[in-house]
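Peer 1: All chains should be modelled from the sequences, with the hints used to inform the complete structure.
There are 2 protein chains.
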Amino acid sequence: MEYKVKMYVSYKDGILDPVGKTTADALSALGYANVGEMAVGKYITFTIDAADADKAGTQIKEMADKLLTNPVIEKYHFELGQ
Amino acid sequence: MEYKVKMYVSYKDGILDPVGKTTADALSALGYANVGEMAVGKYITFTIDAADADKAGTQIKEMADKLLTNPVIEKYHFELGQ
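Line order of the protein sequences matches chains A and B.
Using the working numbering, you'd call the opening residue of the first sequence number 1 and step up by one each time.
Using the working numbering, you'd call the opening residue of the second sequence number 1 and step up by one each time.
FYI, nobody ran anything at the bench for these hints, they're computed from the structure.
What you were told as hints is all true, and nothing was included just to trick you.
Because identical chains cannot be distinguished in the list, a pair is counted as satisfied if it fits within a single copy or across any two copies.
Mimicking DSS-like on lysine-lysine, the simulated pairs with C-alpha atoms at most 30 Å apart in a straight line are:
#, residue 1, residue 2
1, LYS6, LYS75
2, LYS55, LYS21
3, LYS66, LYS12
Peer 2: Here is the structure:
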């Protein structure tokens, strides 16, 4: 069964987000000072072929821990669709 | 009124995604060959202070076109919450 996966990776709370900070400052310089709490993470989409949703989920967690995220400083969540 | 925004930025169809390709190859090398159509984009979250949802939406589109995305090669969608 092929599943479509959407994974959202962002920094854990308390971790400095230099890209988010720089982006917010740039927006402010463009006159958009009403923007706050800017964070820039990864939006990863892919398909995965697995026997069922549980197996797909288990593999996604493995891939996230091994490669797709940095478990020390990043958190993630994902959506599984067909 | 403060709105919470989630923006998802990805490459337009047909645009080469080197990070996506490299990630898929790396996963395959780790033994995860059942993964396909890997694309890595940006997951941007922020708050915006606006009079109403329409005004917030208009400003978000402006910021996307000017700074948050590259309209030539990227597409995006966003969710507005409170």
